[in-house]
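Enquirer: One-letter residues, chain by chain:
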Amino acid sequence: MSAPDAAAPIELQVEPPVSLWRDAWHRLTRNRLAMAGLVIVAILTFLAVFGPWIAPYDFLAQDLDARNQAPSLLHLFGTDDLGRDVFSRVIYGARTAFVVAIVVTAIAVVIGVVLGAAAGYFGGLLDTFVMWLTDVTMSIPNLLLVVVINTSLKPPLARWMEARYLETLDPIYRNSIWIDFVLVFGSMALITWPPYARLVRAQVLSIRNRPYVTAARALGLPTLTILMRYIVPNALGSLIVAVSAGLGTAMVLESAFSFLGVGVNPPAPSWGNMISDGLRVWQHHPHLLAAPAILLGIATVGFSFLGDGLNDALNPKGMK
Amino acid sequence: MADLRSRSPVLAAGAAPASAPAADPRETILSVEGLAIDIAGRNGPARIVDGISFDLRRGETLGVVGESGCGKSLSMLSLVGLLPNKIRVTGGTATFDGRDLLSMSTKELRKLRGGEIGFVFQDPMTSLNPVMRIGDQLAEPLIYHRGLSRAQARARAGELMRLVGIPGGETRLDNYPHELSGGMRQRVMIAMGLACEPSVLIADEPTTALDVTIQAQIVELVTSLRARLGMSVVWITHDLALIAGLADRLIVLYAGTIVEDAPVDDLYARPTHPYTRGLLGSIPRLAGDGTSAARLPSIGGTPPEPGRRPPGCPFAPRCHQRMPVCESRVPQLEPVSGGNPAHKVACFAARDIREAAQ
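Chains as they are written, first to last, in this note's numbering: chain D, 1462 to 1781; chain H, 21 to 378.
Chain D extracted, bound-state conformation (with noise of 0.2 Å):
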């Protein structure tokens, strides 16, 4: 089959094609606050993972003989009251902010591109009745439907798995941590799902009107495949600069939750409860604050020079 001569004179492009995200990529780069940042969140996102490689002790071992001691060679960050080793617990204390992060601002992603996406495409009375819940949940206090969600919902859940344990002896039940992590988990995730649920239903209120979706649509695609293949991917910019400065915000809101006791309690590992510990004691062990908040602060920081950098990489236009 021959083109038709009408395309004759047009040279041939000989570059390799180039994703956006490559451009973005390259932007980011070249962006050195961003390029902190990602190396900030790359060496938490280490000890997070490669946690129990890397901590000298477990973080439940305590060494009474060894109490409140100051850093040294021995025990890097020092001991606490208990004889733990800090550095080791702070470790084990990013994983417990990593995870938490992750799973909340996953949970809350999903339920936000899924409304918002909704929302925004359909519109009527369904982006009514979307915008109405998002008022709702941002008009609740955060701190207290946390604590209204912990109190009311941990003891009854306390004693179902005293008593599955007594029933079955199956030790799985008599482990409380993580009936604190699926506490938290859902009543973090319950509180921060609106601000994605809002940007996804802007983005997709623009993009809904772009030529390139009315296109899709005369081209009699499916509802569903022109929302997760022409509109949501488009939206995925500001998504991501969102998600990473969510991540931070997750982190920082976990360790408020266990500062204030209604998030991941002792013995669990978790910077706000180490930093709560701290607190009582500084003046005379300031390492046992110092440690968990200096690290908190790396993080924050970390999160956001890289939620920073994204945006303007990935929304250059924005940018001078």
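One should not assume that every hint holds.
Unchecked claim - Using 20 Å as the maximum straight-line C-alpha spacing, the simulated SDA-like pairs for lysine to any residue come out as follows:
(1) H:K127 - H:T115
(2) D:K1615 - D:G1647
(3) H:K127 - D:T1684
(4) H:K106 - D:G1584
(5) H:K106 - D:T1675
(6) H:K106 - D:M1689
(7) H:K106 - D:F1583
(8) H:K106 - D:G1585
(9) H:K131 - D:R1690
(10) H:K131 - D:T1686
(11) H:K127 - D:P1683
(12) H:K127 - H:I163
(13) H:K127 - D:L1604
(14) H:K106 - H:Y164
(15) H:K106 - D:L1604
(16) H:K131 - H:K106
(17) H:K127 - D:I1687
(18) H:K131 - D:P1683
(19) H:K106 - D:R1671
(20) H:K106 - D:L1666
(21) H:K106 - D:G1647
(22) H:K106 - D:N1670
(23) H:K127 - H:M145
(24) H:K127 - D:L1685
(25) H:K127 - D:Y1582
(26) H:K127 - D:M1689
(27) H:K131 - H:I163
(28) H:K106 - D:I1668
(29) H:K127 - H:R108
(30) H:K106 - D:K1615
(31) H:K131 - D:T1675
(32) H:K106 - D:Y1582
(33) H:K131 - D:L1685
(34) H:K106 - D:L1586
(35) H:K106 - H:G61
(36) H:K127 - D:F1583
(37) H:K131 - D:T1684
(38) H:K131 - H:L97
(39) H:K127 - D:T1686
(40) D:K1615 - D:L1604
Note that these hints are calculated values from the structure, not bench results.
Once you've looked at the hints, dock chain H against the given chain D.
Expert: Same frame as chain D, but now just chain H:
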């Protein structure tokens, strides 16, 4: 692959042109009668398209001409259920290949769009999904309408790329839209519109966003494809110079009504409606010595807004040949006595204008 090739008139392009569908060329494929479209507004519905009627025969190219906002695009989009919110069809009938378009379910319409009625849109820069590879976008309608596997669809997409004359053909399937020029993208859009070999291609100002040399290439491409595939084309445009060499028949729209409907040669030889004459008069022409003539004539005033149309002829307020009757009664679209019966004009002064021109 082999069976795909033998099934498809597009792919069997090496064969004689006889491979085009052997339907009666004079058969009407799309028939629109008294189509009316309203937009919901604060003061109740306002009429945007007011009773337009036309027939499209197999293999015919129909040019739809008019200025922005006269309802050209909307009337075409309304046929396949693509009207925006708040705009709806309130009257008339539309029949495609014997089926009633306006009473079809959403699902049936979806099958029709892209499958039997293809679209090409105005702006190739924004009509392709920027985050999807071209090959995937081309494959989408094939997978959905033709039930091809991803691999088959990709192979077919490559052939389509060659068909519309994209240099490199299937090697460009992995490109993203931003890596192609405007003209190339419009070729991709045409390939998408043609992917399922529709019997009607609706091209909505497909060359408006392109420069003149590329315009010529696109026109040539569509003309050659139409001949090869035996499809009908509705070409929406406001460019009378461009459509002259392309269409078999033209309808001129003004403020949601057809003011003139004529075979293309007849229209250019004997433009009759004052609006058509105004449009033709405002095409820039070079004088004999190569310099531009005096100041370019234009039609004074602006088209009436929907809902504020005059009671009589919608063009009357801007018309030089206005008579008292024009302001009270709406002229009907009818042949001018003594002229070609296929040349219809909606103007009370049609006859006088005709005679004055001779």
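Enquirer: Compare the structure with each hint and give your call.
Expert: Here's how the hints hold up against the structure:
1. H:K127 - H:T115: 17 Å, holds
2. D:K1615 - D:G1647: Holds - the C-alpha atoms of G1647 of chain D and K1615 of chain D are around 12 Å apart, at most 20 Å.
3. H:K127 - D:T1684: At roughly 11 Å apart (the allowed maximum being 20 Å), T1684 of chain D and K127 of chain H satisfy the hint.
4. H:K106 - D:G1584: 13 Å, holds
5. H:K106 - D:T1675: 16 Å, holds
6. H:K106 - D:M1689: 25 Å, violated
7. H:K106 - D:F1583: 14 Å, holds
8. H:K106 - D:G1585: 12 Å, holds
9. H:K131 - D:R1690: Holds. K131 of chain H to R1690 of chain D sits at ~19 Å (cutoff 20 Å).
10. H:K131 - D:T1686: Since the Cα atoms of K131 of chain H and T1686 of chain D sit roughly 14 Å apart, the hinted pair holds (cutoff 20 Å).
11. H:K127 - D:P1683: 9 Å, holds
12. H:K127 - H:I163: 16 Å, holds
13. H:K127 - D:L1604: Violated. K127 of chain H to L1604 of chain D sits at ~47 Å, over the 20 Å cutoff.
14. H:K106 - H:Y164: 29 Å, violated
15. H:K106 - D:L1604: 43 Å, violated
16. H:K131 - H:K106: 23 Å, violated
17. H:K127 - D:I1687: 15 Å, holds
18. H:K131 - D:P1683: 9 Å, holds
19. H:K106 - D:R1671: 17 Å, holds
20. H:K106 - D:L1666: 16 Å, holds
21. H:K106 - D:G1647: Given pair K106 of chain H, G1647 of chain D is violated - Cα atoms ~40 Å apart, limit 20 Å.
22. H:K106 - D:N1670: 14 Å, holds
23. H:K127 - H:M145: 29 Å, violated
24. H:K127 - D:L1685: Cα-Cα ~13 Å, so holds.
25. H:K127 - D:Y1582: 18 Å, holds
26. H:K127 - D:M1689: 19 Å, holds
27. H:K131 - H:I163: 12 Å, holds
28. H:K106 - D:I1668: 19 Å, holds
29. H:K127 - H:R108: 18 Å, holds
30. H:K106 - D:K1615: 50 Å, violated
31. H:K131 - D:T1675: 15 Å, holds
32. H:K106 - D:Y1582: With Cα atoms ~15 Å apart, K106 of chain H and Y1582 of chain D stay inside 20 Å; holds.
33. H:K131 - D:L1685: Cα-Cα ~15 Å, so holds.
34. H:K106 - D:L1586: Status holds; Cα separation ~15 Å.
35. H:K106 - H:G61: Distance of about 8 Å is within 20 Å: holds.
36. H:K127 - D:F1583: 17 Å, holds
37. H:K131 - D:T1684: The hint holds at about 12 Å.
38. H:K131 - H:L97: 15 Å, holds
39. H:K127 - D:T1686: Given that 20 Å is the threshold and the Cα spacing comes to 14 Å, the pair holds.
40. D:K1615 - D:L1604: With a Cα-Cα distance of about 16 Å, the restraint between K1615 of chain D and L1604 of chain D holds, given a limit of 20 Å.
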